[in-house]
Every structure is written in C-alpha cells, then in structure tokens.
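Input sequences plus hints: build the corresponding full structure.
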Amino acid sequence: MATRHLFWAWTLSLAVGGWWTASSHAANVTCDAEYGQRSASGDCECLDGFSGLGCRLCSIDAGTDACRALGDDYSCVSGFAYGTTTTSKTYACSLSPDLQALFSDGALDVACDRNEEGAANCTAVVYKAADTVNGDHLIECTMTECHFPSGSGNGACDMIQCKCGTGCAETTKMVIEQTLSGKPVKVQVQDGSDDMSILVEDSPLPLSATCKVAGCERLGSAAASDQASVATASADEDSSLAGGVVLAIVACAILSVTVLLSCMAFCCGVAGTRRSEQDDDLETELLKVNSKAVDTLEFRNVSCFTTGGKQTAAKCILNKISGTVSRGQVLGLLGPSGSGKTTLLNALAVVQNGQSKNSGELLIDGNKVTRAYRRVAAYVQQDDTLYSTLTVRECITYSAQLRLPLSMTDAAKRAMVERVIEELNLGHVAGSRIGVVGGSSSERGISGGERRRVSIGMELVTSPRILILDEPTSGLDSSSAHSVVKLIKELAGHDRIVVLSIHQPSARSFLLLDKIILLGKGRMLYYGAPASAARSFHDLGFRCPDNENIADFILDIASDADNLQVLQSRGSNLDFEGAPASGVMAGSAQSHLHKAVSSDTALDSPLYKAESSPFKTEEASGSRSLAASIRMTTVEIRVLFIRTAQNILRHRSLLVLHTALSLALALFGGLIFNNVSDDLAGFQNRMGAFYFTLTFFGFASMSSMDVFIGERQIFLRETGAMYYGAFSYFLAKTTLDSMFLRVLPASLFACIFYWLMGLQAAADRFFLFWLTVVLFNVAAGSICLFVGVLATRVGSANLGATVMLLIMLLFGGFLINSETMPGSVGWLQHLSIFGYAFEILMVNELEGTTLTFNAPGYPSIPVFGEVYLKTLGMDYADRYYDVAALAAIACVLQFLALCCLLRQVPSHLKMAGYDQNDGATAVAQKDAEYKACGSDQMH
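The sequence shown lines up with residues -26 to -1, 1 to 913 when you count with mature numbering (1 follows the signal peptide of the UniProt record, and there is no 0).
No wet-lab data here; the hints were simulated from the structure.
Fair warning: there could be bad hints in the mix.
[What the hints assert, rightly or not] Calculated pairs, BS3-like style, for lysine-lysine (alpha carbon to alpha carbon, straight line, at most 30 Å): (1) Lys137 x Lys147; (2) Lys157 x Lys147; (3) Lys331 x Lys342; (4) Lys102 x Lys160; (5) Lys137 x Lys157; (6) Lys137 x Lys102; (7) Lys186 x Lys102; (8) Lys186 x Lys157; (9) Lys463 x Lys342; (10) Lys844 x Lys160; (11) Lys157 x Lys102; (12) Lys160 x Lys186; (13) Lys147 x Lys102; (14) Lys147 x Lys160; (15) Lys137 x Lys186; (16) Lys844 x Lys137.
[Stated by the list, open to error] Computed spacing ranges between beta-carbons, pair by pair: (17) Gly109 x Leu789: 46 to 54 Å; (18) Asp738 x Ser167: 18 to 26 Å; (19) Pro71 x Gly109: 20 to 28 Å.
Fair warning: this is a prediction, and the values are worked out from it, not measured in the lab.
Note that CB positions come from ideal geometry on N, CA and C, so glycine has one too.
Rendered as structure tokens:
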C-alpha cells in the first residue's frame, strides 16, 4: 500500500500536467454587487480596491480603505488569524516553488464565509495566473463544515468536494473527483510567514502556497483585541518553544543524578533505627556478636561421593572421615592434590560440593548444627577475591556493615573493624587499596600475604567461634606463609577453633599446628599431633631422614600409591573418645572408628537439623520477621550502592571511555549530518543517522556483560557467606550500571547530536528522541546483562550477545522492509529493540514534515513525511507502544537475569540422612554410598 502512495503522486503529477493545457472550464462564480459588477462579456469585474476570488480581497491604496464603501464601521483587515467578528476572508496565493514545477504559473485562491457560531464554508480554485482568477479555473473545490478558531489562522473542514475542468483526462478526473473528494481537510499556516497549506487526508501532496489574506470586518474593540491577542499568542508560542527546548536539555543533565540520589536517599532513609553510643557501653555492644564460645567441633563419618550415571562410574571423594578439634586448637589438613582436603573443608563449612552427595554428622559441643551455623563458622576460601579499588579498611568495614546485627551501633561496628585490623597487623596498610597482583604500577596494591590477611579479617569481623581456611599459605613465600600460620595460631588462642588445609608447610609452620589429618585418595591416613607423626610412621616402617621436613616426608608417602596399599594392609590400635588417638589410620582402623562413633545413630542425621541450639538467633534462622527482613534488605542495598559506586568511580576507565566516545561521536556524527535537508538526500541521511546512533549504543552496551562475569567469584563467595541476598546485589549493580554507563552517555549524546543535526526543534520531539535513545541503551544493556549472567566466560558471552544484536539489527526495519518479511521469520521483528527504537526516531522526525521528492530527471514533488513512513511500514500512532515495548523488554530481560542469578547462589550443604522409617530409601542410599566408597580400594 505504501508504494502505491508514491505511484499515486506520480500519476497525479503527470495527469495534472497533461490536463493543465487542455482545460478550458469557464469560471462560474457569483458576482456580488457589493464587490464587483458584470461586464458586457459576462465576466465579473471587481470594484476599485477589491480583487481575488469573488472580488472579496480588499486593499488599502493611498490611505483609502476599500471596505469603507460597505459602511463607515467596516475596515480592511489583513492576516491569517480569525477574530471573533470575522465573517469572511479571501486568500490570493501563488503555488509553492515545488508545485510550480508541476503547475507552471499556478495560482490558488480561497474564499471563506464564517457565521456567528464560527462555522464556515470555503471555495478554493486553482488557475493559471496569466488567466487571472476570473478566467478559466482548472480545479474548483468546496470545503464544508470548516472551523477556524478565533486567534488562529489554522482550521479544519469535515469534507472537500472537487470538480475537474472539462478538458481533464479520465485518469485526472478520477484522481481529482474521486480520490480527493469526500475526505477531511486541514488548513495550516506556517508561523511567522505568509505560507499556507491545504492538506487533504491520504493525499501524498500538500497544496502549499504563499498567500495574501484580507477581508472586510466591522470595527470594534473585539477586533482590536483579537489582533493584539494573536500577536501575543505568537510571541508566547515562540517563547514557550525556546523555554521548552532549554528545559528539555536541562532535564537530560539532571535526570540521572536525580534518580541516583533518590535511590540513595531512600536506602539511607529507611535503613532502620539505631541506638546511640550512649545507650550501651561499647564493650557491651561488641559482646553481642556471638559472645558464647564453642568448646568442640566434631565431625563423624563425613563421606562425599557421586552416584555415577550411564557412562560414568560411582566415585568416592571422601570416605568416612572423623575427627574433633577443641577451642584454642588449630587442626591442619594435609595431603597431595586431589586427596579431598577442600572437599572436607566444604563439608565442615556446609558449602555444596557440586553435584556430589554427602553423609555424616557435624556437631558443636555435642549438638547437631542448625542453619545458624554459618553465623558462627567463617570460611575463608583459597582465592582472594577482593575489589581491587577498595582499601583494606573499606573491605573489612563493608563486611561488618553487611553481616553484623542491625541492633549494633555504627560506632560499635567501626570499633570491631579497628580491632580486627589491629589483631591482623594491618594498620600500616589500612588506607591502601587492595590493587591487582602482578598488574601495572597504577593497579598494584598490598602484598599477597596482606591480601590473605584481609580475607581473614573480613570473616573475623563477625567474631566467629570457628574459622575454616582453605590453603591460606598458597602462593606465598616461606617467610610470609609462616607469618600467616603464626597469625592463625594467635587467632586460635583467642578462644577460637581453627581448621585449615595446608599444602607444603615448613617445619616450623608444621609444628605450630595442634592436630593434623593426613588424607590420601579421600581416606584418612593419619590423625594426631604433628610431633607424633614421625614416630607413628616409623613404627610402620617409614623412617623420616634426619635432614628432611617431616611434613614433606608424610606427603610423599601419601602421594605414592604403593605406600597406600601398605598402609591399608596394616592397622593400628585406636583410642577414641570422639576422635581417634594419634596414629596411622588404615582401612580396618577406619572401620573400627565407624563402629565406635556411630553405632547408635549411624548416618541417620542430616547436617542441617532444625532443633534448638545456643547458636540459633532470630536473624540467622528462618523465622526472621518481615519487618526485620525489609530492614536488612534496605541496609544491604544501601551498602552495596555505596560500594558499587566507589568501585565504578575509582575504576573509572569504562565510565570515562563511554562518556568520551559518546561526546566524540555526537560531535562527529552531528557535523557530518549537520543541518539535514528536506529532500530525498535528507530522508536518507536521517535514516543513516538513526541507524548509526542505534548501532553505536547497541554494541557499546556489551560492556554490561562484565558486570557479573568479572565479579562472579566475589558474588559466589559473599552470598555463600550470607553477606547479602542476590536481589540486593543485582539491584545495586544494574541500577548504577544503567545510570552511569547507559543513561548518562546517551543523554550527553542526544543533547549534542540532535541540535547539530538540525532535527525538529519542538521540545516534545527532542524529549522523545532523548527518551528513545536512553531506553534503547538500557534495553541493549539488559540483553548483554542477561547473556553475562548465563555465560561463564567473557569470550562466549561476547559471541552470544553479538549474534543476538545482529539478529535484532537485521529485523530492525532498516535492512529489511517490515512488510516484505517472510511470515516464518517476520515475528522476530517484534523482539527487536532496533525495530522499536528505529520506528520511534523516524516517526518522531518525519511526522508533520514535507520532503521534496527530487528524483533526477523528474520534476521535484513535495511529499508528506508520512508517505515515507508508510513506505517503511511505520505509523506515528505506534510511537507510545514502541516506547512501552522498549521499557518492557528491558524489564523482562533484567527480571530473567535476576532469576538466573538467584539460581547461582551457593546452596548450603545438606548431609544425606538415612531415614530409618523408610526402609527402601535407606537401602538405596546405603547402596549408593557402598558402590562409591564401600568397596573402594587404595591402589
């Protein structure tokens, strides 16, 4: 249909051009005696001072007002605007230069009669200027039920009826009398000029002309006031337009800051009430954090195994490991790589081990642990995943703000942070940024040993009674490693229980440990004091050379498969009261240990058993009230907002790059498309400019993918340690990413590019352009955000996002016409953010404009911008639907990203209990463990 509009325009132009010289239709216009008289030839001759259609166009010559002939109270009033007393107006016009190419020497005259109610009927004729209006008329039209509001020259008529001259060809007559007739019509006047257009509905050609307008009106105060009001209205309109543009620009500059400050104010305002420092003594506040000491941590028959599948066999990762550690002691786990040290630590810290199953018991002071266990047991994992832009004090402070009870005052939390910094000897680097190990000089920060102590400090700030560390000396030199072990020993001396894994300790570090467990292929080979290890292994025939570190010696034994067979074939006596005595553990010994510690309960108790415990608190348990949950969530959001903002502003390369590129490309693109013309080239340039804008922001948004990929390990560690919920983290990250990297660059780009290009100056048009660019940038960022949550590597995320954006670009309405898309894939256009944004930008600019269709070798034709839009399958009425679609796509994608992120939160480990009341289930679970571990032999 859209292409038929252009074809219709060409048909009209050729038909009228051919008919132009053939018409000989004589004028048949009533000759009013007040304005003219009939000549001998029957023509209407105008009286002096009158001209135009029906001789009603008055003039004032040499100070003589022609309208005075009608009465002393009449005066000739010129101008398009209708007053309250205006009864008639006559227009004498010359067709616009564009139409002169089709209608050579063409002229247009219009006469309108208006009654007291403001309704009017108009007559319009097109003729050749050389023949005058009283000569042959080429087209005659009547417009009925017209309305011209007082104070305005614009009007609208319900219907137009046109008649063609007798010389018209059949095609021309059909176009004029059938296609044009019966349609509504608008009369529009361009402000500040003498240009007028008659716009017929569905006509691709505006009938534009430059006119002289006048009419006889009765004198009176109403008429004078009308003229004054018209002038005032025009001035006010210009002033409001300029003011609107300024306001729109200012809105772009402050909107981002306003939204950001509002979010921050909300979070700070509802963070909850805190008691002042005077309410309680500071020491009393500090004692509220896990003040009850833990005497013993006991684990019984901890096993970890996989059930296997169709193509994989069952595998035993840990086989019935038991032990106990008391307050003030350090238990070290030793063993070669793959022996199960980290798996055992994960079990003790109730962290899930992938898809494996776990069994056994974990007890504190003889009580089975509850969900509050992670509030008293801190787990420091091997990798130091910290924000490089934060200082040492900030890292520990954020941990305190997120994890300490809401009832604690800020002063108590700060005191706790300073106490931890002092305890870990970090005072000299408290104000230093973490930095990146091995990075550039600008990114280097504290040393590896200090980073490890910061990780420990982030856990110590909650005053945990149990501290579990995975390879705390990994990657450190011998001196730094010994310093860390010595520090851990001191921490245990403050009424703490410490369990750590250590790979190759030095001799002096080894002897600092109170107990060790030596693991080999998931089995416990030795349990006891480090000082007794040499004698125990010597009794089994493994003598440690005098010049060799005993820790290295027993690790070598555990690494040799032949030695494991020897250890399995030899047993040692056990003396267990909750744990075996010092000695080498063989297969038979482990079997005896199993019977000793679990003959009554076996493996029938899950690790998470919801029963009373001295560690169960309101905040830690699932019974926390809704009000407390809301307060905690708002605190999390507030703290994460501040931390994320600090990270973005300190690591500002991405922010600077986005801003600089937006400014540079806005200037570069604006100068290239500067003052775009209103012709075919201008139409092409508009399309190209909008395509360029959307492509730039679409692919620049791929930086959002690193929002979660780059911080995935931090997120997993902190959510696993119950720092915060996934929703709080997601809200802070996405909001600040959108504000700093999506809204701000897009706003700066729009404010510069729009005006340099010379698009429509109306404030509402600019606002819609700005809103579209911002929403599109946010939606594109949401796509990349969603891909980034799903992907585990930046490379795969880049590829996935690129493919998605290219598909959306293909169906965006620029490369393929939406009306010609195959039905099998046409539905994809409804998923394309490029399509919605491109349509908004095009209709926002072309609706209401007239472009010259200046094809080489053909007459230039003025064509409505709506015709071009229909050619592209676009409609101005859909602009708000498109805006809503962009916003909806952004919201849906962010919601899906949040759902995927929630699924990635580490789940807390649950031991597989064997329900004695369900014999079938118990047998199945026992069979699964037996297949994996029961018949497992050490080779």
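Has the given pair, Lys147 with Lys160, been kept, meaning a C-alpha gap of at most 30 Å? Holds. Lys147 to Lys160 sits at ~22 Å (cutoff 30 Å).
Going straight from one Cα to the other, do Lys147 and Lys102 come out at no more than 30 Å? holds (18 Å)
Determine whether the Cβ-Cβ distance between Gly109 and Leu789 falls within the hinted range of 46 to 54 Å. Because 53 Å falls inside the window, the suggested range holds.
Has the given pair, Lys844 with Lys137, been kept, meaning a C-alpha gap of at most 30 Å? This hinted pair holds, its Cα atoms lying about 28 Å apart.
Would you check the hint for Lys186 and Lys157, treating anything up to 30 Å between C-alpha atoms as holding? The given pair, whose Cα atoms are some 26 Å apart, holds under the 30 Å limit.
Compare the distance between the alpha carbons of Lys137 and Lys186 with 30 Å, and conclude whether the hinted pair is satisfied. Between Lys137 and Lys186 the Cα gap is close to 24 Å, so the pair holds against 30 Å.
Are the Cα positions of Lys137 and Lys102 separated by 30 Å at most? This hinted pair holds, its Cα atoms lying about 16 Å apart.
Is it true that the CA of Lys186 sits at most 30 Å from the CA of Lys102? Roughly 17 Å separates the two Cα atoms, so the pair holds.
Looking only at beta-carbon atoms, does the pair Pro71, Gly109 fall within the given range of 20 to 28 Å? Cβ of Pro71 to Cβ of Gly109: about 23 Å, so the range 20 to 28 Å holds.
Do the alpha carbons of Lys463 and Lys342 lie within 30 Å of each other, as the hint requires? holds (26 Å)
Is the straight-line distance between the alpha-carbon of Lys137 and that of Lys147 30 Å or less? holds (8 Å)
30 Å limit on alpha-carbon distance, applied to hinted pair Lys844 and Lys160: holds (20 Å)
The earlier numbered hints are all upheld by this structure, with none contradicted.
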